[in-house]
Amino acid sequence: MAVYSNSTISSGIYGIARLESGYYSFMSALAELDTFRPPRLESRAPTTSVVDEWEATRFIQQAVQPTGVHEPTTLVLNLEGRPPTPAGAYQLVVEVGQRIKSGAWAGIAVVLASSDSSLKAVCQALAETHELPLFWARSVADISQAEPLGKLTPAERETLEALRRQGGIATVGLLADAIGADHTAIGNRVNNLDKRHFIFRIDRPRPSGHVYMDWRIADSGAVSTSPGSSGVTVSTSWQSDIGALAAMQGVASPEELASAWREFLEKHRDELAQTHERARDAISRRDEAGIAGLAQTHARIRARSRARKADL
Amino acid sequence: MCDAGHQLRVTSRCIREDLGLGQPPVAFDDLVKHPIVDAMRAKRAVETTSGKTVGADIGDRSLHHLGIGHDHRGATWWDAGSQVVWLCAYGLHRSGEADDAFQYFDQLIAEARIYPTEEDYQWLERDQAEGFALRVGPDAQRLLEVARGEPGQEIQGTVGGIPLGIYVDVIETLQETFVIFNLRETIDPNIHALILAGFYPGKGWDEWRYPQSLPHRLLAPGEFAYATLHE
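Chains as they are written, first to last, in our numbering: chain A, 4 to 315; chain B, 30 to 260.
Derived by calculation from the structure, the hints in this document are not laboratory data. All C-beta atoms, glycine included, are put in the ideal place defined by N, C-alpha and C. Be a bit skeptical, because a hint or two may be false.
Said to hold, decoys possible - Partner residues are not named here, just some residues of chain B that face chain A (Cβ under 8 angstroms, in silico): (1) Cys31; (2) Ser111; (3) Glu154; (4) Leu212; (5) Leu243.
Said to hold, decoys possible - Distance ranges between label pairs, derived from CB positions: (6) Lys81(B) <-> Thr187(A): 30 to 38 angstroms; (7) Trp57(A) <-> Arg213(B): 52 to 60 angstroms; (8) Pro157(A) <-> Gly110(B): 24 to 32 angstroms; (9) Lys62(B) <-> Ser52(A): 35 to 43 angstroms.
So here's chain A without its partners, still in its complex pose (with noise of 0.2 angstroms):
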């Protein structure tokens, strides 16, 4: 069971809710399941060729409702191909990066994506100016490679690549061996980064002790594996689900794990029924194309985790 801390939830899929100030209250206790459930990804591109200050400000507010409880939110903003002005750059940039960091985007996190180095170097400049916690990804389809735009110091950049490497989660006992600090060094830096928007918190009593979760795990392939590659009907949350499932392996305590487990087992009942009957139905014909489909239809899940211990 466990609470957000920094993700204020409310409803609508790009719902925000309106914090009035400090930190957040988002009281309602979660299933396993969805303590580690990575953020949901979202992308929204301009709709014009040139993105002025008018557009800009037209185009933020379009992407965000300030309606109902949602779950975190990896928000991409795609520039791609739609340069904005000077004016309208600092309008999305720095606008944006304000309702962050005031809160009143809570549980949101942005990343602007382009391939347009000279952009970069302007957001950059201005995430840093105004200290805006922005990522910044060079594709909509490279987010878990996106980085921070804003003023980190080595040590948390430190911080946050170890986050990163972890997995995109991680407790801060984990962190501290990763990283070989002692834990109240890694437990100030996490709490700087969760309270500048970089990383969010997950509260859980002890003796569980809170996760830290990186934005850029959206991108985890939880929800974006290729429904149906295996001929198995799958909804968005099997997948997600099972994306969550994965996140804990590494991080989640034995008895939280097979907690998880037990309500995937309840939640899902249908899908594994049918997936069971498609098992029984290629193991009964010898069908190791149809065994072999099966067993790597969650393989991309597995294989960005492990691509991102591997990399640096």
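Assemble the complex: chain A is given as a structure, and chain B must be docked to it using the hints.
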């Protein structure tokens, strides 16, 4: 797969850019014609790490030097989590020259391009799935036969490479089979479904129950058991 139980693989970047042996995936046996891959097979099949490090010694992420002959040089990495030795880079030793293998390796490290990528792990997953497909049925039946021969004894084994336990409990004229998974090893529902189907292809999902404990012991943390009755 080596006798020692681990695999030898070459990263896709290395196949394309360093060895020039075509577009991955390429079977390891087709790469052995290259001297450095042949050397890898000879040396890393037994010792997953040996020799000097390439770049800094960074614990379990250290790259190791692999050499053969006068000038063939490689950098290998022991990926303990996946039980794979990867050939990550290859070059020719040209002492003092700009294109020297070790300068090239340093450049790859600096550019964060030397370690295996998602593409490499996707091929690894695909190959593992093919191996799993060949073995899941026969392994499960073999293990079941052993467990039936020793009712009341927990038998440890692997099915398609996945370690698990099996226990057959005799209740008068009925038998109940318990299949015990370690969720740290696999938490993929498709793998669980395939393994259970490997034991009893005739039984539907609803014929398996999830016991809270085993007849002979409690479940350890992280363990999960399925049980089914049969005559």
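Okay, the hints, checked on the actual structure:
Taking 8 angstroms as the C-beta cut-off, the interface hint given for cysteine 31(B) is violated, the closest approach to chain A being about 20 angstroms. A least Cβ separation of about 6 angstroms between serine 111(B) and chain A falls short of the 8 angstroms threshold, and the interface hint therefore holds. Hint on glutamate 154(B) holds. Least Cβ distance to chain A is approximately 4 angstroms, under the 8 angstroms limit. Because the smallest distance between the Cβ of leucine 212(B) and any Cβ of chain A comes to about 5 angstroms, under 8 angstroms, the interface hint for this residue holds.
Taking 8 angstroms as the C-beta cut-off, the interface hint given for leucine 243(B) is violated, the closest approach to chain A being about 14 angstroms. Restraint check, lysine 81(B) to threonine 187(A): a C-beta distance of roughly 37 angstroms satisfies the suggested window 30 to 38 angstroms. Restraint check, tryptophan 57(A) to arginine 213(B): a C-beta distance of roughly 54 angstroms satisfies the suggested window 52 to 60 angstroms. As the Cβ distance of proline 157(A) to glycine 110(B) is approximately 27 angstroms, the hint placing it in 24 to 32 angstroms holds.
Take lysine 62(B) and serine 52(A): their Cβ atoms lie about 52 angstroms apart, and the range 35 to 43 angstroms is violated.
In the structure shown, a violation is registered for the earlier hints numbered 1, 5, 9, in ascending order.
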